Every structure is written in structure tokens, then in C-alpha cells.
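Residue numbers (the working numbering), protein chains in the order written: chain L, 1 to 112; chain W, 1 to 112; chain R, 1 to 112; chain C, 1 to 112.
Be a bit skeptical, because a hint or two may be false.
The list cannot tell twin chains apart, which means a pair is met if one copy fits it or any two copies do.
As the list claims (entries may be wrong) - Think about it this way: if two alpha-carbon atoms lie no more than 20 Å apart in a straight line, the pair counts; the simulated SDA-like pairs of lysine to any residue are:
{"id": "1", "residue 1": "Lys13", "residue 2": "Glu92"}
{"id": "2", "residue 1": "Lys48", "residue 2": "Ala6"}
{"id": "3", "residue 1": "Lys74", "residue 2": "Arg12"}
{"id": "4", "residue 1": "Lys74", "residue 2": "Leu11"}
{"id": "5", "residue 1": "Lys74", "residue 2": "Ile87"}
{"id": "6", "residue 1": "Lys80", "residue 2": "Glu92"}
{"id": "7", "residue 1": "Lys13", "residue 2": "Ala52"}
{"id": "8", "residue 1": "Lys98", "residue 2": "Ile82"}
{"id": "9", "residue 1": "Lys80", "residue 2": "Lys98"}
{"id": "10", "residue 1": "Lys98", "residue 2": "Tyr75"}
{"id": "11", "residue 1": "Lys80", "residue 2": "Ala6"}
{"id": "12", "residue 1": "Lys48", "residue 2": "Phe14"}
{"id": "13", "residue 1": "Lys80", "residue 2": "Asp3"}
{"id": "14", "residue 1": "Lys80", "residue 2": "Glu51"}
{"id": "15", "residue 1": "Lys56", "residue 2": "Leu8"}
{"id": "16", "residue 1": "Lys56", "residue 2": "Gln22"}
{"id": "17", "residue 1": "Lys47", "residue 2": "Lys86"}
{"id": "18", "residue 1": "Lys47", "residue 2": "Glu97"}
{"id": "19", "residue 1": "Lys80", "residue 2": "Asn25"}
{"id": "20", "residue 1": "Lys13", "residue 2": "Lys48"}
{"id": "21", "residue 1": "Lys56", "residue 2": "Glu10"}
{"id": "22", "residue 1": "Lys80", "residue 2": "Trp20"}
{"id": "23", "residue 1": "Lys98", "residue 2": "Gln22"}
{"id": "24", "residue 1": "Lys89", "residue 2": "Trp20"}
{"id": "25", "residue 1": "Lys13", "residue 2": "Asn25"}
{"id": "26", "residue 1": "Lys47", "residue 2": "Asp3"}
{"id": "27", "residue 1": "Lys80", "residue 2": "Gln70"}
{"id": "28", "residue 1": "Lys80", "residue 2": "Gln22"}
{"id": "29", "residue 1": "Lys13", "residue 2": "Glu51"}
{"id": "30", "residue 1": "Lys47", "residue 2": "Leu84"}
These are calculated hints, taken from the structure and not from any lab test. Only a predicted model underlies this, so the values are computations on that prediction, with no experimental measurement involved.
Number of protein chains: 4
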Amino acid sequence: MNDIEAILAELRKFNQERDWDQFHNGKDLAVGLSVEAAELLECFLWKKPEEANLDKIREELADVLNYAFQMADKYGLDIKQIMLEKIQKNAEKYPVEKARGSAKKYTELAQE
Amino acid sequence: MNDIEAILAELRKFNQERDWDQFHNGKDLAVGLSVEAAELLECFLWKKPEEANLDKIREELADVLNYAFQMADKYGLDIKQIMLEKIQKNAEKYPVEKARGSAKKYTELAQE
Amino acid sequence: MNDIEAILAELRKFNQERDWDQFHNGKDLAVGLSVEAAELLECFLWKKPEEANLDKIREELADVLNYAFQMADKYGLDIKQIMLEKIQKNAEKYPVEKARGSAKKYTELAQE
Amino acid sequence: MNDIEAILAELRKFNQERDWDQFHNGKDLAVGLSVEAAELLECFLWKKPEEANLDKIREELADVLNYAFQMADKYGLDIKQIMLEKIQKNAEKYPVEKARGSAKKYTELAQE
Numbered sequence: 001m002n003d004i005e006a007i008l009a010e011l012r013k014f015n016q017e018r019d020w021d022q023f024h025n026g027k028d029l030a031v032g033l034s035v036e037a038a039e040l041l042e043c044f045l046w047k048k049p050e051e052a053n054l055d056k057i058r059e060e061l062a063d064v065l066n067y068a069f070q071m072a073d074k075y076g077l078d079i080k081q082i083m084l085e086k087i088q089k090n091a092e093k094y095p096v097e098k099a100r101g102s103a104k105k106y107t108e109l110a111q112e
Numbered sequence: 001m002n003d004i005e006a007i008l009a010e011l012r013k014f015n016q017e018r019d020w021d022q023f024h025n026g027k028d029l030a031v032g033l034s035v036e037a038a039e040l041l042e043c044f045l046w047k048k049p050e051e052a053n054l055d056k057i058r059e060e061l062a063d064v065l066n067y068a069f070q071m072a073d074k075y076g077l078d079i080k081q082i083m084l085e086k087i088q089k090n091a092e093k094y095p096v097e098k099a100r101g102s103a104k105k106y107t108e109l110a111q112e
Numbered sequence: 001m002n003d004i005e006a007i008l009a010e011l012r013k014f015n016q017e018r019d020w021d022q023f024h025n026g027k028d029l030a031v032g033l034s035v036e037a038a039e040l041l042e043c044f045l046w047k048k049p050e051e052a053n054l055d056k057i058r059e060e061l062a063d064v065l066n067y068a069f070q071m072a073d074k075y076g077l078d079i080k081q082i083m084l085e086k087i088q089k090n091a092e093k094y095p096v097e098k099a100r101g102s103a104k105k106y107t108e109l110a111q112e
Numbered sequence: 001m002n003d004i005e006a007i008l009a010e011l012r013k014f015n016q017e018r019d020w021d022q023f024h025n026g027k028d029l030a031v032g033l034s035v036e037a038a039e040l041l042e043c044f045l046w047k048k049p050e051e052a053n054l055d056k057i058r059e060e061l062a063d064v065l066n067y068a069f070q071m072a073d074k075y076g077l078d079i080k081q082i083m084l085e086k087i088q089k090n091a092e093k094y095p096v097e098k099a100r101g102s103a104k105k106y107t108e109l110a111q112e
């Protein structure tokens with residue numbers, strides 16, 4: 001079993017044991033994911049990037065990932081596939097010759 | 001190579017080709033992740049969960065996952081390990097006998 | 001003195017007494033605002049709208065408003081003016097004859 | 001009529017003309033507010049605070065404020081009152097003698 005399947009198996013077991021699947025509609029999963037993303041973001045509030053606490057980042061990032069995996073599972077999406085497809089799509093959107101280089105260029109491209 | 005490593009390899013290649021690693025500090029990655037989580041959330045705005053567009057969910061969820069994977073990679077965190085550890089931690093926080101059951105119980109537990 | 005000026009005066013006094021203006025750059029104010037918006041959102045996680053706790057909503061909404069007012073003040077923006085201008089802009093974007101009516105229409109318009 | 005009442009009057013008129021009050025439940029207003037806060041945050045992505053575009057900040061901040069005002073109105077909350085009460089509460093939480101001074105102190109206090 002590959003890594004992603006192994007993690008999904010643990011998430012499914014966790015939810016089944018608690019009979020929590022009934023509450024996991026897509027909207028609340030998206031709400032939960034946004035809340036966890038904000039808790040991760042809070043690690044950096046009023047700080048320089050390098051001042052954030054790594055243990056806290058580790059924990060909040062794990063929450064984000066667990067919600068994101070549950071959301072993919074809810075909709076039957078293949079995590080590896082959708083991620084690789086998006087990378088490919090971004091590669092076309094930001095071609096190397098156009099995107100390579102200065103922060104300014106990067107910023108402008110990222111804003112498009 | 002397992003799935004997670006394969007995805008990380010693609011993300012690293014994408015960033016190296018564009019020389020974008022220099023911009024990927026933890027704070028902006030956390031900002032980007034929050035922005036993408038909100039775009040995913042927007043799929044559900046003013047809607048019932050089942051009314052959201054799956055193609056849009058697929059795309060925004062892929063963005064969230066790509067940022068989350070890049071953040072883990074930035075800090076050298078093992079994605080599978082931190083996710084499984086968090087599931088274990090949650091299993092202790094929400095023991096089956098206490099958590100199993102009604103939505104009301106679930107809501108209260110989730111708020112703790 | 002009108003209401004908005006009275007609130008801004010209190011916020012300025014609070015920050016000056018603590019010498020906190022030096023930390024209030026726009027980026028961290030925007031981060032703080034997103035974090036507080038997520039805490040407000042969390043009041044509704046796994047709940048129907050009417051199940052959320054009003055005392056908690058009241059407190060988190062106040063945090064959101066305080067950050068938003070400080071951000072406006074930071075950039076010298078006139079709160080009343082920018083809000084009324086945006087309402088006017090939205091009125092043109094969603095003309096009454098087009099927008100009035102069903103939830104379906106509303107959803108599609110709001111997604112544009 | 002004071003400023004806040006004048007703004008609320010415009011928001012109410014806008015929604016009544018479009019018959020949109022029926023869609024404005026607290027949960028979706030909180031979702032909308034989070035989405036707008038993220039759009040404001042996006043102005044600063046990959047940028048130093050001073051590099052963000054003021055016109056964009058102005059517009060996104062107005063969206064945040066308009067959602068926040070509508071939310072207060074939805075729950076019958078007095079905006080000035082809840083904001084001043086929260087400032088007072090924060091003043092007790094961060095007493096001047098303890099909070100005044102270095103960024104380090106501020107960061108630690110803000111994380112509590």
C-alpha cells in the first residue's frame with residue numbers, strides 16, 4: 001500500500017470508529033480546512049518567517065493536511081492525480097522562460 | 001518511489017526550474033495556503049454542500065495540497081509521519097467511547 | 001465626534017499606550033484579520049447557522065472589526081467613504097432587476 | 001444619524017431591494033467574510049508590506065467591512081458597543097506596564 005492510501009486508511013478508520021462520516025459534508029470540511037489554515041498562519045503573526053515555532057507549524061500543518069485528505073476522500077478525488085495535474089497546469093501558466101528570474105516578475109505572475 | 005515522494009519531486013522540479021525557492025519563506029507559504037483554502041471555501045458560499053461545483057473543488061483542493069506539501073518540504077517535515085501522529089493524538093483526545101454518537105456530542109467535542 | 005472617529009480614537013490610544021504602532025505593518029494586520037475571521041467562522045463549524053453561540057460570535061466579530069478599523073487607519077482610508085463606494089459599485093454590478101429573486105440567480109450572480 | 005447607522009441603512013436598502021436577506025444566514029456571512037479577508041490578505045502575498053497595491057487594499061477592506069457590518073446587523077449587535085467592549089477587554093489582558101516595549105514581548109503576549 002502506498003503512503004497516501006495508508007494515511008487515508010487511518011483517517012477512514014478514525015472516522016468510522018467514531019461514526020463521524022455523517023457530519024463530514026463538503027462545506028463543513030472546507031470550513032474546517034480554512035480554520036486550520038488560519039491556525040497555521042497564526043504561527044507567523046507579528047513574526048519574521050524564521051521566528052515561528054516549528055513544533056506548532058508541524059502540528060497545524062498536519063491538521064490542514066488531514067482535513068485536505070478527508071475532503072479529497074469525500075469527493076472520491078485521487079490526491080496524487082489532482083496534485084500532478086495542477087502542477088502541470090501551473091507549468092503551462094508560468095512557462096520557465098517567462099517566470100524564471102526576479103521577485104518582481106514572480107509577484108506579477110502570481111497575481112495574474 | 002512512493003506517492004508522496006513522487007509529488008514532492010515534481011514540486012521541487014517546478015520551483016527549481018523557475019528559481020522560485022528563494023521566495024518560498026514559511027510565512028508567505030502560510031499566507032498562500034490560507035488564500036487557497038479560502039478559494040476552496042468560496043465554492044460553498046451561499047450553497048448547500050451538494051450544490052458546489054466538483055471541478056472547482058478539485059482544482060482548489062489541489063492548490064491547497066500543493067501549498068501544504070511545499071510547506072512540509074520547506075521545513076523538512078515527513079508528511080506521512082506528521083499526519084499519522086496527529087491522527088493518533090486526535091484518537092486520544094476523542095476516545096471512541098466518548099466521541100461516538102450524536103451530532104451534538106460531536107459538536108461539543110470538536111469545540112473543545 | 002461621530003461613532004467611527006470615536007472608535008478609532010480608542011484604538012489609537014490603546015496602541016499608543018503600548019507603543020504597538022511600530023509592529024502594525026499592513027501585512028501582519030491582514031494576517032491578523034484573516035486569523036480573526038477564521039475564529040468567527042469556527043463558531044459555525046459542524047453547526048447549522050442557528051446553533052452558533054451568540055456570545056462567541058459577538059466577541060470574534062469585534063476582533064474582526066477592530067483589526068479592519070486599524071487597517072483602514074494604517075492606510076488613511078475613510079471607512080464610511082470606502083464602504084459606501086463599494087455598496088454603490090455592487091449596486092451597479094448587481095442591478096435590482098437582474099439580481100432580485102431566486103436563490104439560484106443570487107448564487108450565480110455572487111459567483112461572477 | 002451617525003456614521004455607522006448611515007452605512008447600515010445603505011446595506012439594508014441594498015439587500016431589501018434585491019430581496020437578499022433570505023440568503024443571509026450567519027454561517028454564510030461568516031464564510032463570505034473569511035473569503036474577503038483572504039482576498040485582502042492576497043494583496044500581500046510574496047510581498048513586503050509596502051509593496052501592496054493600495055487601490056486593491058481599499059476595495060478588499062471595504063468588502064470585509066461590509067460583510068462584518070451585515071453580520072453585526074443580522075445578530076442585532078451594536079457595532080460601536082462590541083468594539084469598545086473588546087478594546088476594554090484587551091486593555092485588561094495586555095496592561096500597559098506589561099505590554100509596553102519590545103517586539104519580543106509583544107509577540108509573546110499576542111500569542112497567549
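Each hint, compared with the structure:
In this homomeric assembly, Lys13 and Glu92 come within 20 Å of each other (Cα to Cα) only across copies, at 14 Å, whereas the closest approach inside a single copy is 38 Å. In the homo-oligomer, the alpha carbons of Lys48 and Ala6 never lie at most 20 Å apart, since the shortest distance is 35 Å inside one protomer and 31 Å across protomers. For the homomeric pair Lys74 and Arg12, the shortest alpha-carbon distance inside one copy (10 Å) is at most 20 Å, but the shortest distance between copies (28 Å) is not. Taking the closest pair of Cα atoms, Lys74 and Leu11 come within 20 Å of each other only inside a single copy of the chain (11 Å); across copies the shortest separation is 25 Å, beyond that limit.
Only between protomers do Lys74 and Ile87 lie at most 20 Å apart by alpha-carbon distance; the minimum there is 17 Å, versus 22 Å within a single protomer. For a Cα distance limit of 20 Å, the shortest separation of Lys80 from Glu92 inside one copy, 19 Å, qualifies, whereas the shortest one across copies, 29 Å, does not. When the C-alpha separation of Lys13 and Ala52 is checked against a cutoff of 20 Å, the pair qualifies neither within a copy, at 33 Å, nor between copies, at 27 Å. In this homomeric assembly, Lys98 and Ile82 never come within 20 Å of each other (Cα to Cα): the closest approach is 25 Å inside a single copy and 36 Å across copies.
Proximity of Lys80 and Lys98 under a CA criterion of 20 Å is satisfied in neither setting, with 27 Å inside one chain copy and 34 Å between copies. Taking the shortest Cα distances, Lys98 and Tyr75 never come within 20 Å of each other, neither inside one copy (35 Å) nor across copies (28 Å). Within a single copy, Lys80 and Ala6 get their C-alpha atoms as close as 13 Å, and across copies as close as 9 Å, so both meet the 20 Å cut-off. Taking identical chains as interchangeable, the C-alpha atoms of Lys48 and Phe14 are never at most 20 Å apart, the minima being 36 Å within one chain and 24 Å between chains.
In the homo-oligomer, the alpha carbons of Lys80 and Asp3 lie at most 20 Å apart both inside one protomer (11 Å) and across protomers (7 Å), since each shortest distance falls under that limit. Taking the shortest Cα distances, Lys80 and Glu51 never come within 20 Å of each other, neither inside one copy (32 Å) nor across copies (25 Å). In the homo-oligomer, the alpha carbons of Lys56 and Leu8 never lie at most 20 Å apart, since the shortest distance is 23 Å inside one protomer and 22 Å across protomers. In this assembly of identical chains, Lys56 and Gln22 lie within 20 Å of each other by CA distance neither inside one copy nor across copies; the values are 30 Å within and 23 Å between.
In this homomeric assembly, Lys47 and Lys86 never come within 20 Å of each other (Cα to Cα): the closest approach is 31 Å inside a single copy and 24 Å across copies. Taking the closest pair of Cα atoms, Lys47 and Glu97 never come within 20 Å of each other, the shortest separation being 34 Å inside a single copy and 22 Å across copies. Neither within a single protomer nor between protomers do Lys80 and Asn25 lie at most 20 Å apart by alpha-carbon distance, with minima of 22 Å and 24 Å respectively. In the homo-oligomer, the alpha carbons of Lys13 and Lys48 never lie at most 20 Å apart, since the shortest distance is 39 Å inside one protomer and 26 Å across protomers.
For a Cα distance limit of 20 Å, the shortest separation of Lys56 from Glu10 qualifies neither inside one copy, at 22 Å, nor across copies, at 27 Å. When the C-alpha separation of Lys80 and Trp20 is checked against a cutoff of 20 Å, the pair qualifies neither within a copy, at 25 Å, nor between copies, at 22 Å. Within a single copy, Lys98 and Gln22 get their C-alpha atoms only as close as 47 Å, which misses the 20 Å cut-off; across copies the closest is 17 Å, which meets it. Proximity of Lys89 to Trp20 under the C-alpha cut-off of 20 Å is restricted to the inter-copy arrangement: shortest distance 17 Å between copies versus 35 Å within a copy.
Taking the shortest Cα distances, Lys13 and Asn25 sit within 20 Å of each other inside one copy (17 Å), while across copies they are farther apart (34 Å). Taking the shortest alpha-carbon separations for Lys47 and Asp3, neither the intra-copy value of 34 Å nor the inter-copy value of 33 Å comes in at or below 20 Å. Taking CA atoms no more than 20 Å apart as the test, Lys80 paired with Gln70 passes in both settings, with 14 Å inside one copy and 14 Å between copies. Taking the shortest alpha-carbon separations for Lys80 and Gln22, neither the intra-copy value of 26 Å nor the inter-copy value of 26 Å comes in at or below 20 Å.
For the homomeric pair Lys13 and Glu51, neither the shortest alpha-carbon distance inside one copy (36 Å) nor that between copies (28 Å) is at most 20 Å. Taking the shortest alpha-carbon separations for Lys47 and Leu84, neither the intra-copy value of 32 Å nor the inter-copy value of 27 Å comes in at or below 20 Å.
Consistency note: the structure conflicts with the earlier hints numbered 2, 7, 8, 9, 10, 12, 14, 15, 16, 17, 18, 19, 20, 21, 22, 26, 28, 29, 30.
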